[in-house]
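Colleague: Sequence:
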Amino acid sequence: MREFSLPALYEVPADGSLTDLIRRNAARHPDVPVLGRKRGGRWEDVTAAEFLDEVRAAAKGLIAAGVQPGDRVGLLSRTRYEWTLLDFAVWSAGAVTVPVYETSSPEQISWILGDSGAVVCVTETQAHAEAVASVRDRLPQLRQVWRIEPSADDPGAVARLAADGAGVSDATVEERESAANADSPATLVYTSGTTGRPKGCVLTHRSFFAECGNVVERLGPLFRTGESSVLLFLPVAHVLGRLVQIAAVMAPIKLGHLSDVKTLTTELAAFRPTLVLGVPRVFEKVYNAARAQAVADGKGRIFDRAAAVARAYSRALDEPGGPSLGLRIQHRLFDRLVYRKLRAALGGRTTHAICGGAPLGERLGHFFRGVGFTVLEGYGLTESCAATAFNPYDRPKIGTVGQPLPGSVIRIADDDEVLLHGEHLFTGYWNNPQGTEEVFADGWFHTGDLGALDADGYLTITGRKKEILVTAGGKNVAPAVIEDRIRAHALVAECMVVGDGRPFVGALLTVDEEFLPRWAKEHGKQELSQDALLADAELLAELQHAVDDGNAAVSQAESVRKFRVLRQQLTEESGHVTPSLKLKRSAVAKDFADEIEAIYAP
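If you read the sequence shown in my numbering, its first letter stands for residue 1, the second for the next number, and so on.
These are calculated hints, taken from the structure and not from any lab test.
Don't take each hint at face value.
As the list claims (entries may be wrong) - Ranges between beta-carbon positions, derived for each pair:
id, residue 1, residue 2, range
1, 336, 70, 52 to 60 Å
2, 315, 217, 52 to 60 Å
3, 415, 362, 21 to 29 Å
4, 395, 537, 18 to 26 Å
5, 500, 29, 54 to 62 Å
6, 537, 474, 34 to 42 Å
7, 42, 217, 17 to 25 Å
8, 514, 1, 44 to 52 Å
Please read all numbers here as calculations on a predicted model, not as lab measurements.
Note that the Cβ used here is the ideal one computed from N, Cα and C, for glycine as well.
Make a model of the complete structure from these sequences and hints.
Modeller: Given below as structure tokens:
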């Protein structure tokens, strides 16, 4: 058994609530832009004083609607300015926010709003409102539903709440704000439900203070008031997006929201953030798109050489003496030819990214640091209020998920399971004491993940206990290692390793729908149908290269011998991927049982 901890850098105020942050900002930095809001196609600043006024106006509307302290309020919306505004308004009304993914099905909406006992709900669009209406008969406690987007007969939720609450006094809001303390529930965030019904994690104001306070202190240079900014495009309904939202308000730094990632490149150039938040798939697509464009321009060999130099340069930064003179000269050359263009595509000012959700991989990690854009990987769960470990900006170890959150402890049990202890942890599953007892033992939260700590306290995640495959030959296989390596290939969208109780390891692959047409054009196969492309010998050979590259990371007994290409994409809509982009392995295995059997057919 091994454990590691770091001293806390931030003290949680015992009688504080998260609404203290916006009151403090308005008092200390009234004219500092703390949020960016997109209106009429242009970004406009929202100052700390303006944000406080808007939050309190919305909170008054919630109070006027009968929302009581401790009541749960559903919030069903994409990432947008109003999400953050309403989140703080719910807290100012003394209530508890219940996020619902905007992609949720009516059945999922019914479960989350019903299990949480939400008394009111704010939706974003008419479609969202209709989805809630379709299950309203199952939600007797749900009294009212508002819609953020205005219509001909509705000014929208924010304006309506402000109008309805005009008669509520400031003193009433202040009384609600002061009633909550650090141990009051702030939100119920439902898990992604990879193995069954989503469970509501009770996260308190203390959880977020401990989490965000220590993150901001440890990553101080990335959170400079008046200088730094972050563009948030991952779902705020996910706890990782929530971490960045609250950390930005805590610092404070300017926070912008982006609902549609298809416009990411354009909005990065317009907003020009210094910090972004992403998952590995985002950075894989940035790399693959840049390389594909270089190939299309006849500069593929230059790009590949530049990428190799970037990785070598990054690795040399960790060596005694640093990069050699020759490597530094090559690096400066490719900085002019390649790296500057990549940084410009990220807005021109972005120096760092926070990345979670899955392993990024050493190659991409070193590539991005080598081009001047350091991706700081972290690790956490909904139950740990997002990051329970992250790489420090000044001493990152690429390939690891960093050191423990200051003030917390990470322990590796005898069976290699990662155990956690700290103020940032959730207090339990809502309405589920049995589930809570199953994951806590002697004050330690059992994550279900497998990992290792090095001598400096940097954590590496090696797999998940429930996902370990045991082949017919008795070999234990952790799928994540090889899956992440195969998925890094531009052509691969998803990869799921199979082989439990089988004679060897196999894999199911899906092809990236965005990259496939480009590949077909480059290889003179644009006239082929999609089915013909997926059976094309040259494409299958390229996918075999991806598998071979993945196999290089594991032993022969763990390597993928055969794979099958699925005609159907694995998506949230198909029921095979969670909103946080995790595979629902049991659903995939059930729905594609014939494809798995075909791998092992004689």
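Colleague: Please go over all the hints and tell whether each is borne out by the structure.
Modeller: Quick rundown of the hints versus the structure:
1. One distance hint, 52 to 60 Å for the beta-carbon pair residue 336 and residue 70, holds here, with the actual separation near 59 Å.
2. Look at residue 315 against residue 217: about 29 Å separates their beta carbons, and that is not inside 52 to 60 Å.
3. For the pair residue 415 and residue 362, the beta carbons lie near 26 Å from each other, so the given range of 21 to 29 Å is met.
4. Our hint of 18 to 26 Å for residue 395 and residue 537 is violated, since their Cβ atoms are close to 47 Å apart.
5. Judged by the Cβ atoms, the range 54 to 62 Å given for residue 500 and residue 29 holds: they are separated by roughly 55 Å.
6. In this structure, residue 537 and residue 474 meet the distance hint of 34 to 42 Å, their C-beta atoms being roughly 35 Å apart.
7. A hinted range of 17 to 25 Å for the beta carbons of residue 42 and residue 217 is inconsistent with their spacing of about 34 Å.
8. Between residue 514 and residue 1 the Cβ separation comes to about 45 Å, which falls inside the hinted range of 44 to 52 Å.
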